[in-house]
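These are the residues of each chain, in order.
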Amino acid sequence: MSKVAFDIRSIGAIRIGPRGALRVRLGDARLVWTTIGSWLPTLPFFIFSLAFLLLPSASIAVRSFQGAQGEFTLANIQQIFMRPDLLRAYENSILISIVTALSGGIFGFLVGYAITLGNLPHSLRSMVLTFSGVASNFAGVPLAFAFIATLGQKGLVTQLINSLLGTNIYHSGFSIYNFWGLSIVYTYFQLPLMVLIVIPALNGLRREWREAAEGLGATKYHYWRYVAFPILLPSLLGSMILLFANSFGAYATAYAFSGLHINLVSIVIGNNISGNVLYDPGLGNALALGMVVIMAVSIALYSYLQRRSELWLR
Amino acid sequence: MTRRPSLWVWLWLVAWAIFSWLPLVASFDFSLRARKGILSWQAYLNVFADPGFYESLWFSFQTAMLTIVVSIFLVVPTAYWVHLRLRRARPVIEFVTLLPFVVPAVVIAFGLIRLYCCPPISFVSSPLLLVAGYVVLSLPYMYRAADNGLRALDVRMLNEAAQSLGANEFQVFFLVILPNLRTGILSGAFLTFAIVMGEYTLSALLAWPAFGPYMQYVGVFKAYESAALAIISFAITWLAMLLMQWFARVSAAERALTAPR
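Protein chains in written order, with the numbering used here: chain A, 1 to 314; chain B, 1 to 261.
Hints were generated in silico from the structure; no laboratory data involved. Keep in mind that a hint or two might mislead.
What the hints assert, rightly or not - Just the calculated beta-carbon pair ranges, DEER-fashion:
#, chain 1, residue 1, chain 2, residue 2, range
1, A, 220, B, 151, 35 to 43 Å
2, B, 252, A, 208, 24 to 32 Å
3, A, 58, B, 35, 33 to 41 Å
4, A, 62, B, 15, 20 to 28 Å
5, B, 58, A, 34, 42 to 50 Å
Backbone N, C-alpha and C define an ideal beta-carbon position, used for all residues, glycine too.
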């Protein structure tokens, strides 16, 4: 007997109460209806998710393998691997995500450390937290504007450096519109996100562990190297993977730099939709699929690490 | 025993403060320089004199409200029902509500357009598709807000108590459960509001005159006004997040009072 049928029966037994085998079997039809009835209230949710999340995603996957006449083909996928510009787009997106996951991750960890274990006044702590909540949601177009006003050619910091040191950073190769410039911009929303997700882990470090280590003669270095860091490692890595995904999917921030000449996957897909450049639906699907695959792998890794970290921290 | 913060702690904190505040300070400074040689509110006056500003802001506001209402009606009853009667559906629902984290907004937009662009279902020109897309983006936040609230309640006990007093299923949900989840749902709603108000990807790709695309449009032509818009947008996000955190705190305090002991 299949598992589902067994499930239905066990519900029925509770519902109808202990009766003879014959009666249970007679009740089967009714039990099926109770099961359907118990799923019924979730129907709107599932229909909605199916229509606007699952089907659109699934159709991307299916159409990636379809040619113009709907026949099965691998040409779309192959095309990505044959076009250096598209491969470069993936490479850039992955690189900027790694760089900003590291920069935001390390910086965020240090700030998180400062406000959880740094014995700072409570008011400072809650100010950093509130600001992080805002800043992690402050991405996209206005963030691009803010950084143009800061590090653009006429930005405040650019001018400041110019008048203080007498050098124009744009003449020495810096630009907010290139890879490293965009990395700084992305770090702006990565850092507060890291602060928000690393704090629960840091709060999970128990005082007793430190006291026990110190009681056994450990220095601060020993404690961090052999106790705290190994415990934190899975959740730190997990958080950084989340940051990776966060910047890998970003579109608006990069697009808002209209002078930007970095080739990113999200921008290529966006252009494919609005028909700015090449209009090749099959290729667009394959590009989007590639993006989802990379995201899915990183989120799977994240949830694995999350389970690992729950061994010690909760 | 209270230890004093070390030098390193202050160093990280100062670095954080500079990196976090400098772009805002610079935008504000830049936004005041619309008139040559003097500081003035001219850029803000220009923004406030533009009907497009109000139209796009109003459009995004309406979209955000509709998104919040739809999201609440979709997520909260489902989360409640799953808690009460259908625990085995929980992993499925959690998986679905996490998907918007896995599928980037640009890919969701792409999928929606491709699926609803052409007959038999031509739906791209309806603003409801935009709302549907935003509801999808809000699913993770809204579900978690509702789920956290429900975890803190003893749903079964409340349900039995209300039913023994003669309430039917609908009365239990609307008169007992919903009021108990109010603050948690509101915090999810404000987060959704903050996200929708500044959102660019979906609204631009589906070609709607929302606040995000308006800012982008202004940014192409006007430098000072775009800096002013960055400040205004930051203020909106700030306000929404402050309200969200306030409600989250109230919710946590209520939870502490009503938690099953």
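Item checked: Hints violated by the structure (numbers, ascending) -> Of the numbered hints, 3, 4 do not hold.
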